Amino acid sequence: MNYAAAVRWLGKLPTPKQWNLERMRRLCAAADAAPPKNVIHITGTNGKGSVAAMVAASLPGKVGLYTSPHLVTVRERIKINGKDVGEKNFAEAVSFVAGAMKKMREKPSYFEVLTAVAFRIFQEEKTDWAVLEAGLGGRLDATNVADARVAIITNVGLEHTELLGKTVHGIAKEKAGIIKKGCVVVTACDGRPLREIDTKARREKARIIALGKQFEIANVKVKEDGTSFEMLTRGGRIPLKTRLIGSFQARNASLAAVALRELGFDWHAIREGLLKARWEGRMDLRDGILLDGCHNYDGAVAMREALAELWPGARYAIVFGVMKDKNWRAMIATLAPIADVFIATQPKLERSLDAKLIAK
1 MNYAAAVRWL
11 GKLPTPKQWN
21 LERMRRLCAA
31 ADAAPPKNVI
41 HITGTNGKGS
51 VAAMVAASLP
61 GKVGLYTSPH
71 LVTVRERIKI
81 NGKDVGEKNF
91 AEAVSFVAGA
101 MKKMREKPSY
111 FEVLTAVAFR
121 IFQEEKTDWA
131 VLEAGLGGRL
141 DATNVADARV
151 AIITNVGLEH
161 TELLGKTVHG
171 IAKEKAGIIK
181 KGCVVVTACD
191 GRPLREIDTK
201 ARREKARIIA
211 LGKQFEIANV
221 KVKEDGTSFE
231 MLTRGGRIPL
241 KTRLIGSFQA
251 RNASLAAVAL
261 RELGFDWHAI
271 REGLLKARWE
281 GRMDLRDGIL
291 LDGCHNYDGA
301 VAMREALAEL
311 WPGARYAIVF
321 GVMKDKNWRA
331 MIATLAPIAD
341 VFIATQPKLE
351 RSLDAKLIAK
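1 is the number of the first residue of the sequence shown in my numbering; add one for each residue after it.
Please note that the accuracy of each hint is not assured.
Lysine-lysine pairs mimicking DSBU-like chemistry, simulated, CA-CA at most 30 Å apart [as the list claims (entries may be wrong)]:
| no. | residue 1 | residue 2 |
| --- | --- | --- |
| 1 | 12 | 276 |
| 2 | 102 | 126 |
| 3 | 221 | 241 |
| 4 | 37 | 103 |
| 5 | 348 | 276 |
| 6 | 324 | 37 |
| 7 | 276 | 223 |
| 8 | 83 | 348 |
| 9 | 241 | 83 |
| 10 | 356 | 107 |
| 11 | 213 | 62 |
| 12 | 180 | 221 |
| 13 | 126 | 88 |
Cβ pair distances, simulated, as ranges [unchecked claim]:
| no. | residue 1 | residue 2 | range |
| --- | --- | --- | --- |
| 14 | 286 | 340 | 47 to 53 Å |
| 15 | 37 | 4 | 30 to 36 Å |
| 16 | 350 | 191 | 34 to 40 Å |
Just so you know, these hints were derived from the structure itself, not from any lab.
Source: prediction; values computed, not measured.
Beta carbons are placed, not taken as given, at the ideal position from N, Cα and C, and that holds for glycine.
Let the hints inform the model, and build the full structure from the sequences given.
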């Protein structure tokens with residue numbers, strides 16, 4: 001099939017009634033899409049895409065990056081050295097996986113198929129590194145068939161509670177499922193979620209490095225050209241900067257930096273990588289218009305705090321659309337007080353919230 005046909009075919013894939021890794025393993029075996037080696041696996045309620053982008057931009061050699069969701073084209077989800085996979089390569093990989101699925105009794109989901117497509121492309125490209133962002137949770141996520149050298153858990157908040165659990169510690173336990181035997185765990189979690197992560201790390205004999213315990217961040221400065229900060233480590237104060245905007249990006253960059261240090265890279269390479277990283281749609285300033293894909297309450301709070309850091313006291317015209325399974329009332333309550341104009345919109349998706357409800 002060609003690229004357009006591949007996209008149409010993907011859009012018709014079913015949503016499974018239950019999630020399990022055995023179906024994903026069978027798909028990988030059938031499609032000759034072995035999980036990649038040298039994996040940095042990232043999960044968390046917020047920040048995982050930004051961390052993935054910073055890690056991938058800092059690694060040497062050929063680097064595969066797999067993230068979700070996409071903004072414009074599905075090919076954004078699979079990158080090689082920062083570039084979207086080409087239409088031809090994407091269509092060929094989808095065609096191969098589609099053929100392999102004919103042998104399977106239980107049909108995989110859209111995300112499972114895309115994950116297998118990414119693995120096959122990474123295999124064909126002979127990537128040296130694979131940076132994988134979990135799609136949902138961690139333990140039963142399709143990406144979790146891969147074994148991580150470093151597992152990064154950014155933070156834990158209430159999300160997808162119908163699938164992951166109704167408490168932050170329960171959700172933390174699900175996300176800790178990406179921790180594999182002997183890997184290194186890097187996290188910005190604290191409190192009960194950190195205890196859940198630590199329990200899993202001990203069980204897997206994995207070493208854990210936590211913000212606020214083994215390292216700190218200080219002197220965070222947010223400007224339109226990026227975010228600078230210092231990392232406080234046993235080796236001293238390390239000045240760093242990322243072009244991503246917001247004090248929360250200092251936290252994300254610190255997680256990326258620690259992961260890279262654990263993989264053996266020096267501070268010079270890390271500084272260069274953090275400055276190269278771009279993440280479209282997250283505090284993305286373009287000609288006076290700020291694009292931000294904050295998709296939950298925690299993300300809305302982070303965005304409002306970043307706006308206060310950049311332009312104290314400013315008022316905004318906000319265009320807002322949201323999925324109906326999110327805590328949208330809390331998101332509106334967070335953003336409406338800084339808006340002179342609040343425009344309700346509705347994405348063309350089944351999960352989107354009716355704009356009339358937002359307007360009320």
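Now for the hints, and whether the structure bears them out:
1. Proposed proximity of residue 12 and residue 276 is contradicted: the alpha carbons are some 37 Å apart, above 30 Å.
2. A hinted pair counts as satisfied when its Cα atoms are at most 30 Å apart, and residue 102 with residue 126 qualifies at roughly 26 Å.
3. With a CA separation close to 9 Å, the supplied pair residue 221 and residue 241 stays within the 30 Å bound.
4. Restraint check: the Cα-Cα separation between residue 37 and residue 103 comes to about 26 Å, which is no more than 30 Å; the hinted pair holds.
5. Only pairs whose Cα atoms come within 30 Å are accepted, and residue 348 paired with residue 276 is rejected, the gap being roughly 33 Å.
6. Taking the CA atoms of residue 324 and residue 37, the gap is near 37 Å; set against the 30 Å cutoff, the hint is violated.
7. A threshold of 30 Å between alpha carbons decides the hint, and for residue 276 with residue 223 the separation of about 17 Å falls inside it, so the pair holds.
8. Between residue 83 and residue 348, the direct Cα distance comes to roughly 27 Å. Compliance with the 30 Å bound is thereby established for this hinted pair.
9. With a CA separation close to 23 Å, the supplied pair residue 241 and residue 83 stays within the 30 Å bound.
10. Straight-line distance between C-alpha atoms of residue 356 and residue 107 comes to about 37 Å, which puts the hinted pair past the 30 Å bound.
11. Taking the CA atoms of residue 213 and residue 62, the gap is about 33 Å. The hint is violated against a cut of 30 Å.
12. As the CA atoms of residue 180 and residue 221 are separated by approximately 35 Å, the hinted pair breaks the 30 Å bound.
13. Proposed proximity of residue 126 and residue 88 is supported: the alpha carbons are some 17 Å apart, at most 30 Å.
14. Remark: the range hint 47 to 53 Å for residue 286 to residue 340 is contradicted by a beta-carbon distance near 20 Å.
15. Restraint check, residue 37 to residue 4: a C-beta distance of roughly 33 Å satisfies the suggested window 30 to 36 Å.
16. About 35 Å separates the C-beta atoms of residue 350 and residue 191, a value consistent with the hinted range of 34 to 40 Å.
Consistency with the previously given hints fails for numbers 1, 5, 6, 10, 11, 12 and 14, ordered from lowest to highest.
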